[in-house]
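Go ahead and model the full structure; you've got the sequences and the hints to work with.
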Amino acid sequence: MKKAVKYWCVTGLLLCMFTVFTAFLPGYPNPGKLKFPYRKAGLTPQQAAAHLLSRFTYGATPGEVDEVVKEGPEKWFAQQLEAQMPDDSLNELLNKYDALKLSNTQIVAQFPKNAQVLRIAVKDGVVNRDSVRTNPKAYRAQLQNYMQQNGLKPEQELLQQFINQKILRAAYSNNQLQEVMTSFWFNHFNVSIVKNDCAQFIPDYERDVIRPNALGKFNDLLLATAKSPAMLYYLDNFNSSGNNAEKPQAQKQQIKSDTGRMATMPKFKAKKALGLNENYAREVMELHTLGVDGGYTQQDVTQAAKVLTGWTVYPMDNNGEAGQKLMNRVSADKLQNSGFVHEGDFLFNPNRHDTGEKTVLGHHFAAGGGYEEGVQLLNMLAHQQATAKFISRKIAVRFVNDTPPQTLIDKMARTFMNEDGDIKKVLITMVNSPEFWSAAAVREKTKSPFELAIGAIRALHADVNQPNQVFNWVNKMGEKMYYYQAPTGFPDKGQYWINTGALLNRMNFGLALASGRIPGVKIDLAALNNHHEPESAQAALDTYSKLIMPGRPLDATIKRLTPMLNDPKLMDKVDLASAKTPAATAAPANVNNQLMDGQAGIKNKQKNNFMAQQTIAGNNSMLAQVVGVIIGSPEYQRR
Amino acid sequence: MVSRRGFLKAGGLALLGVGLLGGIPGFLAEAAASEKIASPYKKKKTLVCIFQRGAMDGLMAVIPFTDDYLKAARPNLFISAAKSGNGNPLIDLDGRFGLHPAMKAFEPMFREKRLGIVHGIGSPNNTRSHFDAQDYMESGTPFNKGTASGWLNRAVGLLGHDALTPFTAVSLTSAMPRSFYGDNPSVAMSNLQDFTIQMRGNPTGANMAAKSFEDLYDQTASGLLKQTGKESFEAMKMLQKTDIKNYSPANGAVYPNSALGNSLKQIAQLIKMDVGLEVAFAESNGWDTHFNQGAENGIFANNVADLSNSIMALWTDLGAYQDDVTVMTMTEFGRTVHQNGTGGTDHGRASCNFILGNDVGGGLVYGDVKPLAIENLEDGRDLAVTTDFRSVFSSVADKHLGINNDHVLFPDWNGERVNVMRG
Numbered sequence: 001m002k003k004a005v006k007y008w009c010v011t012g013l014l015l016c017m018f019t020v021f022t023a024f025l026p027g028y029p030n031p032g033k034l035k036f037p038y039r040k041a042g043l044t045p046q047q048a049a050a051h052l053l054s055r056f057t058y059g060a061t062p063g064e065v066d067e068v069v070k071e072g073p074e075k076w077f078a079q080q081l082e083a084q085m086p087d088d089s090l091n092e093l094l095n096k097y098d099a100l101k102l103s104n105t106q107i108v109a110q111f112p113k114n115a116q117v118l119r120i121a122v123k124d125g126v127v128n129r130d131s132v133r134t135n136p137k138a139y140r141a142q143l144q145n146y147m148q149q150n151g152l153k154p155e156q157e158l159l160q161q162f163i164n165q166k167i168l169r170a171a172y173s174n175n176q177l178q179e180v181m182t183s184f185w186f187n188h189f190n191v192s193i194v195k196n197d198c199a200q201f202i203p204d205y206e207r208d209v210i211r212p213n214a215l216g217k218f219n220d221l222l223l224a225t226a227k228s229p230a231m232l233y234y235l236d237n238f239n240s241s242g243n244n245a246e247k248p249q250a251q252k253q254q255i256k257s258d259t260g261r262m263a264t265m266p267k268f269k270a271k272k273a274l275g276l277n278e279n280y281a282r283e284v285m286e287l288h289t290l291g292v293d294g295g296y297t298q299q300d301v302t303q304a305a306k307v308l309t310g311w312t313v314y315p316m317d318n319n320g321e322a323g324q325k326l327m328n329r330v331s332a333d334k335l336q337n338s339g340f341v342h343e344g345d346f347l348f349n350p351n352r353h354d355t356g357e358k359t360v361l362g363h364h365f366a367a368g369g370g371y372e373e374g375v376q377l378l379n380m381l382a383h384q385q386a387t388a389k390f391i392s393r394k395i396a397v398r399f400v401n402d403t404p405p406q407t408l409i410d411k412m413a414r415t416f417m418n419e420d421g422d423i424k425k426v427l428i429t430m431v432n433s434p435e436f437w438s439a440a441a442v443r444e445k446t447k448s449p450f451e452l453a454i455g456a457i458r459a460l461h462a463d464v465n466q467p468n469q470v471f472n473w474v475n476k477m478g479e480k481m482y483y484y485q486a487p488t489g490f491p492d493k494g495q496y497w498i499n500t501g502a503l504l505n506r507m508n509f510g511l512a513l514a515s516g517r518i519p520g521v522k523i524d525l526a527a528l529n530n531h532h533e534p535e536s537a538q539a540a541l542d543t544y545s546k547l548i549m550p551g552r553p554l555d556a557t558i559k560r561l562t563p564m565l566n567d568p569k570l571m572d573k574v575d576l577a578s579a580k581t582p583a584a585t586a587a588p589a590n591v592n593n594q595l596m597d598g599q600a601g602i603k604n605k606q607k608n609n610f611m612a613q614q615t616i617a618g619n620n621s622m623l624a625q626v627v628g629v630i631i632g633s634p635e636y637q638r639r
Numbered sequence: 001m002v003s004r005r006g007f008l009k010a011g012g013l014a015l016l017g018v019g020l021l022g023g024i025p026g027f028l029a030e031a032a033a034s035e036k037i038a039s040p041y042k043k044k045k046t047l048v049c050i051f052q053r054g055a056m057d058g059l060m061a062v063i064p065f066t067d068d069y070l071k072a073a074r075p076n077l078f079i080s081a082a083k084s085g086n087g088n089p090l091i092d093l094d095g096r097f098g099l100h101p102a103m104k105a106f107e108p109m110f111r112e113k114r115l116g117i118v119h120g121i122g123s124p125n126n127t128r129s130h131f132d133a134q135d136y137m138e139s140g141t142p143f144n145k146g147t148a149s150g151w152l153n154r155a156v157g158l159l160g161h162d163a164l165t166p167f168t169a170v171s172l173t174s175a176m177p178r179s180f181y182g183d184n185p186s187v188a189m190s191n192l193q194d195f196t197i198q199m200r201g202n203p204t205g206a207n208m209a210a211k212s213f214e215d216l217y218d219q220t221a222s223g224l225l226k227q228t229g230k231e232s233f234e235a236m237k238m239l240q241k242t243d244i245k246n247y248s249p250a251n252g253a254v255y256p257n258s259a260l261g262n263s264l265k266q267i268a269q270l271i272k273m274d275v276g277l278e279v280a281f282a283e284s285n286g287w288d289t290h291f292n293q294g295a296e297n298g299i300f301a302n303n304v305a306d307l308s309n310s311i312m313a314l315w316t317d318l319g320a321y322q323d324d325v326t327v328m329t330m331t332e333f334g335r336t337v338h339q340n341g342t343g344g345t346d347h348g349r350a351s352c353n354f355i356l357g358n359d360v361g362g363g364l365v366y367g368d369v370k371p372l373a374i375e376n377l378e379d380g381r382d383l384a385v386t387t388d389f390r391s392v393f394s395s396v397a398d399k400h401l402g403i404n405n406d407h408v409l410f411p412d413w414n415g416e417r418v419n420v421m422r423g
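Order-wise, the sequence lines are chains A and B.
Residue 1 is where the first sequence starts when you use our numbering, and the numbers rise one by one after that.
Residue 1 is where the second sequence starts when you use our numbering, and the numbers rise one by one after that.
Calculated directly from the structure, the hints in this document are not laboratory data.
Ideal Cβ positions, reconstructed from N, Cα and C, are used throughout, including at glycine.
Hints may contain errors.
[Stated by the list, open to error] Calculated from the model, a selection of chain A residues having no Cβ within reach of chain B, i.e. all distances over 10 Å:
#1 Q46
#2 G72
#3 Q84
#4 Q106
#5 E283
#6 N328
#7 A366
#8 M380
#9 Q384
[Said to hold, decoys possible] Derived, one-sided and incomplete: chain B residues facing chain A with beta-carbon distance under 8 Å:
#10 G146
#11 A148
#12 M199
#13 D215
#14 N262
So, in structure tokens, the structure goes:
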């Protein structure tokens, strides 16, 4: 039935008829058309634009709220859904990161894990085994030398580039919605750098698995994650095997691969872990699709795990991995004929697949189903009612508030079911709903540390030259991006982000950023106000509050901060103290990079001069203090 | 779940508590006592957990030195009870097990029966992946990845009272450890000095900003931000009462200048400040000794020296607080019985752990370590896990912190406790 509808929709005429038809269904507005009911919720166009930007960007840039008002919020949103905005200046920034475009195979070849390099280097006799203990300096030098000679780079560099690119994208991409959704889905299908086995595949995971599917069909996204090396390693499916798996062959291989080394080193290998691993099967139901109350049983988990046996990673390591050599010898045709499926980095290995019959959630899989039954399983999971509700709820939690109303979730879930898990249409249903614009939603989400940091950077038009410094702050505030260990991902609720230590660090972040003390993050507060110097402290507070928090009620914040500004003695003291700041403790953040490059050795005096200049130039410390307090204020923690 | 709000309820008390520290007259304190309100800042029992990341070679830390199989399997790594050429002999604990010579600081504690050791401890899940094994140990659910919370966070929820101070559970790490994940309030910080409003080189500005922030948060309409803001500033003020930076340890304690030493020193500070610390967490790294781990000297020896010296510095520093503190170490798994081809050991199964405290049933090596003949080894190569880590952790949590709901602390676990504590 559904297929038939889809088929006929291809013709424009019938599409129109379909639209007219569905428009009459109660509670089922046309999921393609954007019409934001913000006026009914009592919001002005400016407030509506501010709300929209607070949800689907990492924070409004100066003037952006007015631009969206002018353009029309619906049009802006439609454009963001397409995610086709040119991003030339961002791409220029990203160009300097050479690892971002590498395939997983190239990454494995160029960025081997530390232990891996050491092992190879020792094996090759390049690194002296004894120096590891007796002379760590020499050993590190030997290793570094070895890596350089062989064109190898430390994995840490890869991860650094990867994290930097995320910070730059979030701060500067014109396709903000796509970036926000990429973060959302990454966190939903979380994998973690902490797990060493999957760390090097994470850049590809975000780039090729999550981002291209972030606004597509949920089913495609689910399948892509299931087949990605990052997920296969993170939740261990890569070595999950059926009980009829290749035992004799494995033993043979082990003997073969060990014979070479036997003479020199007795190796006591663990029994090759051949067996069923349920981790992925459980989490794909509990966390990725149905939800913990989604009505599945332990029996379903075990059966699903059997369906997914043999789903593994295509061998990529050229450094003597037996599997790779074996694969290289066998032609593609031959592989296919014997039931292997090789797609990119994914490999279905029929020798490890459980060939028996299975039943998951009442759905029967006949014996001998092979790769296709796994695809069917995921397809089935993606289209469950429980999944539609679970995903809709999670999206609403992200974009509406921590406890979204059931009426809204139901509407979204209906779209999810009727539109084949089309993520765009689910989002449209959400923003077309009055619940999205209600007082219970506006300013009710708590910014995560990453949202706070990037939001402030965007609001101040900050120039980020050292994204890793931003990462350090985000970590300090409680969100070590890409390092969250559990497959649940970071909890998306205010209570999680706001705790005592983290809150003080949020305030400190505001002060550090505004006073230009985050190395490699340049700001120009005067330029933000077109170099009009505020006439008074009070004027500065009014002006900058509005610049940084457009479309918000600011009376309370301004009223609270006014007394502080009206104590002239205190302000003088701050300016004085700030001017005396010894350069050693003030990070050279605001310093022009060119100026710094040639003069790294020059110390206190010149920097002090610069600090003084800076005061004249408009980033004066009083203003910095005001802006810092605004960013650390409770109002700014909300979005 | 509700414990975050507990601090709210206790808000007034908390202020009183701070006041008491600052020297509020005794009659006020008596008045508080007569109201039968337990002061949130009275002395608390504290459990200090140290995670040794990388998997400690338990067979080198606490050596079954009479086992000839071990000697044969480790030609370069075996430490004997006899004085050898280039190093000290092991410390004979009971005629069967010997402590690594670099852990001599532990010896008196063992003899005084304050230090207990469990050997053959580990997880029933036989994964040899660091990540998985740590994850399972810290979540406390060895067969379930999706457990959102960590066991120590659940422990906080089982303390029998709301978390009364921001310092109920503190991890001296830059990021929240898996053990602390969860809904009960807990704090991660690598440095207590960061617990303040800072503007480098501009204390006046910082003070002013702090005042502004305190006022703003006090007046905000958001309950969460208002409450946490209040807690934050109270916590900050509590810490400001002591000169954290220039702390000098008591009783001549000398902390190693290491990450662990530094963490434990700060934990001692918190304990001695009576800020209500009940669950503390610290990490020790570098245990993944695949290469040249050494024997009497070397990488491993340095690691255990740091571990034991750091713990003993904490213990010495605590002085009168010793009765209230139990220290427990843990590691994700042990290492192979046989040394490998690069003078180290590979990932194995069981390891051992240390529990120090005045209510520990010390002076014993608990657990079941069979002769290391191949037929007794797990998968033919590793010291077998004979004690589930949960049976020890639950016992310590109960006897020291009064946590006796094992079904919540370790869901899915129905095993027997191993009582390593007195009484």
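Going down the list of hints, with the structure as the test:
Interface exclusion of Q46 of chain A from chain B stands, the closest Cβ pair being 21 Å apart, more than 10 Å. Remark: the non-interface label on G72 of chain A is consistent with the geometry, its nearest Cβ contact in chain B lying 31 Å away (cut-off 10 Å). Annotated as non-interface, Q84 of chain A keeps its C-beta farther than 10 Å from every C-beta of chain B; the closest such distance is 36 Å. Remark: the non-interface label on Q106 of chain A is consistent with the geometry, its nearest Cβ contact in chain B lying 24 Å away (cut-off 10 Å).
With 10 Å as the threshold on Cβ separation, the claim that E283 of chain A sits away from chain B is violated: the shortest Cβ distance comes to roughly 5 Å. For N328 of chain A, the condition that its CB be more than 10 Å from all CB atoms of chain B holds, with the nearest at approximately 27 Å. Look at A366 of chain A: its CB is around 29 Å from the nearest CB on chain B, clear of 10 Å, so calling it non-interface holds up. Listed as outside the interface, M380 of chain A is consistent with that label: its C-beta sits roughly 20 Å from the nearest C-beta of chain B, beyond the 10 Å cut-off.
A cut-off of 10 Å between C-beta atoms confirms that Q384 of chain A is not in contact with chain B; the least separation is 18 Å. The interface hint given for G146 of chain B holds, since its Cβ lies 5 Å from the closest Cβ of chain A, which is under the 8 Å cut-off. At about 5 Å, the closest approach between the beta carbon of A148 of chain B and any beta carbon in chain A falls short of 8 Å, and the interface hint on this residue holds. The beta carbon of M199 of chain B comes within 5 Å of a beta carbon in chain A, closer than 8 Å, and the hint placing it at the interface holds.
Contact between D215 of chain B and chain A, as hinted, is supported at the beta carbon level, the nearest pair being about 6 Å apart and thus within 8 Å. Taking 8 Å as the C-beta contact cut-off toward chain A, the hint placing N262 of chain B at the interface is violated, the least distance being around 17 Å.
Checked against the numbered hints listed earlier, the structure breaks hints 5, 14; every other hint is satisfied.
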